[in-house]
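Full structure from sequences and hints, please.
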Amino acid sequence: MTWATVQALLSHWRVHRLQLATLLIGIALATGLWSAVQAINAEARASYARANAQLAVGQFDELRDPSGPIPMSRYVELRRAGWQVAAVLEGPYRVGGRTLRLMGVDMVAYPALPAVTEAEQSAEATEPADMLTAPGRLLASPELQPLLRGQTNLPPVLITSALPPDVILTDIGVAERLLNQPGAISRLVVLPNQPRDRLPLNQIAPELKRISPTTQVDTARLTDSFHLNLSAFGLLSFAVGLFIVNGTVGLAFAQRRGMIRTLRALGVSMRRLVWLILTELTVLALIGGSLGLLLGFFLAGALLPDVAATLRGLYGAPVTGQLTLQPKWVLAGLAMAVFGTLLASGHALWRLSNMPLLEGPGVQAWQSNSRARHITAALGLILVVGGAFAYISVGGLVAGFVLLAGLLTGAALLLPALLATALSALARTAREPVSQWVWSDMRAQLPGLSLALMALLLALAANIGVSTMVSSFRLTFVGWLDQRLTAELYVTARDEDQAREITTWLRPQVDAILPIRNVELFHETGPLFLYGVVDDPVYRQHWPLIASTYSVWDDVMAGNAVLINEQLARRASLWPGDELKLSSKHYLPIAGVYSDYGNPTGQAIVSMAQLDQIAPGAEMRRFGVRMPPEGATAMAQNVREQFALSPRVVVQQAAMKAQSRAIFEKTFVVTSALNVLTLGVAGFAILTSLLTLWTQRLPQIAPVWALGLNRAQLARLELLRSVLLAALTACLALPLGLVLAWVLLAVTNVQAFGWRLPMFLFPWDWLWLFVLTLLAALIAAALPALRMLRLPPADLLRVFANER
Amino acid sequence: MEPGDGLHWTVWISAANSWKKRKQIMLLTIDRVQKTYPGGRPVLRDVSLDLDQGQTLALTGESGSGKSTLLNLAAALDSFDGGEITLDGTRLSTLDDAGRARLRRNQVSLVFQQFNLIPSLNVAQNLSFHARLAGVEDTTWNSHLAERLGLSDLLGRFPENLSGGQQQRVAIGRAMAARPNLLLADEPTGNLDETASETVLDLMLSLVADTGAALLLVTHSQKIAGRLDRQVKLSGGRIQ
Ligand SMILES: Nc1ncnc2c1ncn2[C@@H]1O[C@H](COP(=O)(O)OP(=O)(O)OP(=O)(O)O)[C@@H](O)[C@H]1O
Ligand SMILES: [Mg+2]
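In order, the protein sequence lines correspond to chains A and B. Under my numbering, the first residue of the first sequence is numbered 44, with each subsequent residue one higher. Under my numbering, the first residue of the second sequence is numbered -3, with each subsequent residue one higher.
It should be emphasised that the hints constitute simulated quantities derived from the structure, not laboratory data. Note that CB positions come from ideal geometry on N, CA and C, so glycine has one too. One should not assume that every hint holds.
[Claimed, not checked] Some chain A residues close to chain B (C-beta under 10 Å, calculated; not the full set):
hint	residue
1	Thr48
2	Gln50
3	Val58
4	Gln298
5	Leu306
6	Gly310
7	Met313
8	Trp318
9	Lys700
10	Arg704
[Said to hold, decoys possible] Which residues of chain B face chain A? A few of them, derived with a C-beta cut under 8 Å, are:
hint	residue
11	Arg37
12	Ala94
13	Ala97
14	Arg98
15	Arg100
16	Leu106
17	Asn112
18	Ile114
19	Leu117
20	Phe125
21	His126
22	Arg128
23	Leu129
24	Gly131
25	Asp134
Dropping the structure here:
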């Protein structure tokens, strides 16, 4: 019996192949986009975890000096007092135009690192002592091999796979030499098994802070917001895909109602039918889910390199651009497919199982009536208000996402009611019978199309929202770059002596030389880079301040105040008038806050004299050169030749801008890719709903046709209907998209990146999107219209012949 | 029971049969049945009716008098409010949903005015469908049916490409393929013209006669009703 029933149920798909394809594609798209994002996130997280494990970061307590490096003498005192600590010196190290992280550890004391073990056991094994004695060895990942091979001034390099990309590991003695910081220690790792009778820290080194692993600045935490943003997008695509599934399953069930009633009349119990249909849906979900996983894997593979570049550029987070297939990911993707399919089919299945055995057939009854529409609209309103309430009352990133979710789903649920109202208003203006019929017919079609239109609304709103955000960001960013990159040339000398030589040579030829000096400090919210500047009108005129006191520059230049970047201001909620703690001895009032896009860390600016006091001996190797822009290229060339500098250390402003913009563009490659895909999915949803609605169209069209409208007219009306509904939806999507953009700019960006952006409007983009939408609707309706045009009259007549 | 008990067995069966005859145990007994649809006036007030094995009975009555309602109750498609319906010894009021489904599958066959074929299955599949559900498929019987019903050339076609008369013949074939005890038909010729009606009725009556099934047929037509063994009229919620 079961087999006969299964055959009957499945035979539906044989006749409605397009429906089956739609259903599978819907499931595949939903799972595909979602899994792609999950794969990217999982890969990035795995990279962070691997990097931390490979460098033994985040496993032990650490000692740091908030005001700068720890002197060697402190280390010696701690060891004498019984403290088991291992010294680490690390810093940025430029090789061939790339900034790498050079990490020097005390090879004897530091916890065993996989890279070191691997190097010791490898075929070209070196004596362990080689690591320590001059010239020492460098350990690096295979990725860096081509870069390091050409370098003659470096110690021999051992390649190991047990290191993150962008990291060079070496003994601390080698690091001192390469970083040019003899006797300096960045941090001390507190090893396990400390003797009991050692002296407490505050008696030996009161200036050192003990930091537990959880509060050490962690890449995973820094990048969490970025991943959350991606996840939100994945979820949106998933939802749009589910709209397709929901629509298709609803229609398939409606079409199978007659069959199911017959099956029950012939003695198949409802319970058995429900189980069989559940099984059927699960199998379909697994098939669609597998297709989706395949799609997701390729999509993730295509997007990952850009994401990796973004994460490296923006956060310095070590992410390899390669994807590995993980069983957990596959299982999660399939589970999501099954869950989503059952979720999207739940309502249809519930209605089916509660369908009375004896009731006239008819798809009409299946679709929501006006009462259902009112309930949906009320629910939508509740979601919108609820989301707004959550944001206002709680605030923060998660509440921001709740606001977004409430807004989007709520607006989608409100859409049918709004469209129905608009169509009634239009219907009232109609005078002739044909146009009256057109409007009322359009209204009658709404329930069948509303899911696709909701998907379109979401996709359009997301598109408007995200592109407004990205364009606003671009506009702001470019303007900010112009302000911020004040000098025409930026020079990095080999050491301070060379820097002095170059400045002496340059000074008579240029307008001004602006030294750039900085030290890394430690603030409770994370690392803090303190910069010293000399008084120059260029700062006073151009520096992008977003909040300031009246005498901001005078105060800063007099050494009485500090400027901080927006990230630090928002993270630590410090604003003009508050005080910033720079070290245990140095507190300065904040005179202004400046925007600092693209920088993940906190930054502060003081006068050069102040910097010397706070962190004496900060090295002076970098400086900007102010001069007429026309001469910059020639001057850059001259400096390089005069001092035999490589092109990479004498950079022109224009090149720097281009580089910054490239990083910026990469940041949004993923979001815009997902954006386009979501819009594509929505277009597909319209096509499939129109095609599936087609079967129900005939009984409605046949009478009108019989009354004298020819098929060409009907085909035109078909096109008109699709385009008009899409246009109305697009009009509603605009305000929604703008609210979305506002939330992205003012809420999620602030939380995710630490900066708030002004919002700009781009009406031409909207117009273009509008045209694109109409075009998509036209294309989606073309196939049904063509079918209408070619429809054999016999098919229309059959409507009258039997009323099934 | 052991092989040697064969004698006992046959004796027992014939005894049971004669007992059944003596007590006039009917295949279908409808006893003072009442039915009211929610929010409506009573449709069936007090309906009693018997139908014996091999009998054919026509149920007539005005439109809206409750003929379809009564037929649906007899088919265990719907539940009633009072009285009892007994089908081959089974009291329908005692069955749950699964029990009723089982009864429909194994005892009863239905033919409707709207032919209720499964649109995505072809004629051959539709024809054997009910028998397969009941687990009593008999291919020789199926092809015999197809032959008798004039469907042999249409077996690969789908319902939407058949005429009304052809569809109804498939529906009758589907009903009879399961060799039911009771065939219930609700205006099976209501959608057909006169010649097609004649053919369909002839086929149905001859098949019922051949298989020894009982037939309860709802019809408007006096002419059709006249061709059955008995006829009763439903009016005012009662059998007249
Ligand atoms: N599902 C239902 N809900 C409420 N009332 C119903 C339902 N089905 C039938 N009725 C009512 O019950 C009464 C009997 O209906 P029924 O279909 O049994 O009549 P009928 O004798 O078969 O009529 P016809 O000859 O037109 O087919 C009618 O008044 C009808 O309106
Ligand atoms: Mg009836």
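Consistency of the hints with the structure:
Interface restraint check for threonine 48/A: the shortest CB-CB distance to chain B comes to about 7 Å, inside 10 Å, so the restraint holds. At its closest, the beta carbon of glutamine 50/A sits 7 Å from a beta carbon of chain B; the interface hint therefore holds under the 10 Å criterion. The restraint placing valine 58/A at the interface with chain B holds, with a minimum CB-CB distance near 4 Å, inside the 10 Å limit. Given hint, glutamine 298/A at the interface with chain B, holds; its Cβ is 9 Å from that chain's nearest Cβ, closer than 10 Å.
Annotation: leucine 306/A was flagged as interfacial toward chain B, and the flag holds, the nearest CB pair being 8 Å apart, inside 10 Å. With 10 Å as the threshold, the beta carbon of glycine 310/A comes within range of chain B, its nearest partner Cβ sitting at about 3 Å, so the hint holds. With a cut of 10 Å, the hint placing methionine 313/A at the interface with chain B holds, because the nearest CB-to-CB distance is about 6 Å. Contact between tryptophan 318/A and chain B, as hinted, is not supported at the beta carbon level, the nearest pair being about 12 Å apart and thus beyond 10 Å.
Interface restraint check: lysine 700/A against chain B, minimum CB-CB distance 64 Å, threshold 10 Å, status violated. This hint is violated: arginine 704/A has a C-beta 58 Å from the nearest C-beta of chain B, more than the 10 Å allowed. For arginine 37/B, the interface hint is violated, since its Cβ never comes within 8 Å of a Cβ in chain A; the closest pair sits about 18 Å apart. Checking alanine 94/B against chain A by beta carbon gives a least distance of about 5 Å; that is within 8 Å, so the hint holds.
Annotation: interface hint on alanine 97/B holds; nearest CB of chain A at approximately 4 Å, less than 8 Å. Of the supplied interface hints, the one on arginine 98/B holds, with its beta-carbon coming within about 6 Å of a beta-carbon of chain A, less than 8 Å. Against a cut-off of 8 Å between C-beta atoms, the interface hint on arginine 100/B holds, since the closest Cβ of chain A lies about 4 Å away. Hint status for leucine 106/B relative to chain A: holds, with the closest Cβ pair at about 6 Å, below 8 Å.
Look at asparagine 112/B: its Cβ gets to within about 5 Å of chain A, closer than 8 Å, so that hint holds up. With a cut of 8 Å, the hint placing isoleucine 114/B at the interface with chain A holds, because the nearest CB-to-CB distance is about 5 Å. This hint holds: leucine 117/B has a C-beta 5 Å from the nearest C-beta of chain A, less than the 8 Å allowed. Satisfaction of the interface hint for phenylalanine 125/B is found here, the shortest Cβ-Cβ separation to chain A being roughly 6 Å, below the 8 Å cut-off.
With a least beta-carbon distance of about 5 Å to chain A, the hint placing histidine 126/B at the interface is held under the 8 Å criterion. For arginine 128/B, the shortest C-beta to C-beta distance to chain A is roughly 4 Å, which falls under 8 Å, so the interface hint holds. Because the smallest distance between the Cβ of leucine 129/B and any Cβ of chain A comes to about 5 Å, under 8 Å, the interface hint for this residue holds. Interface restraint check: glycine 131/B against chain A, minimum CB-CB distance 6 Å, threshold 8 Å, status holds.
Below 8 Å, beta-carbon pairs count as interface contacts, and aspartate 134/B has none with chain A, the closest being about 14 Å; its hint is therefore violated.
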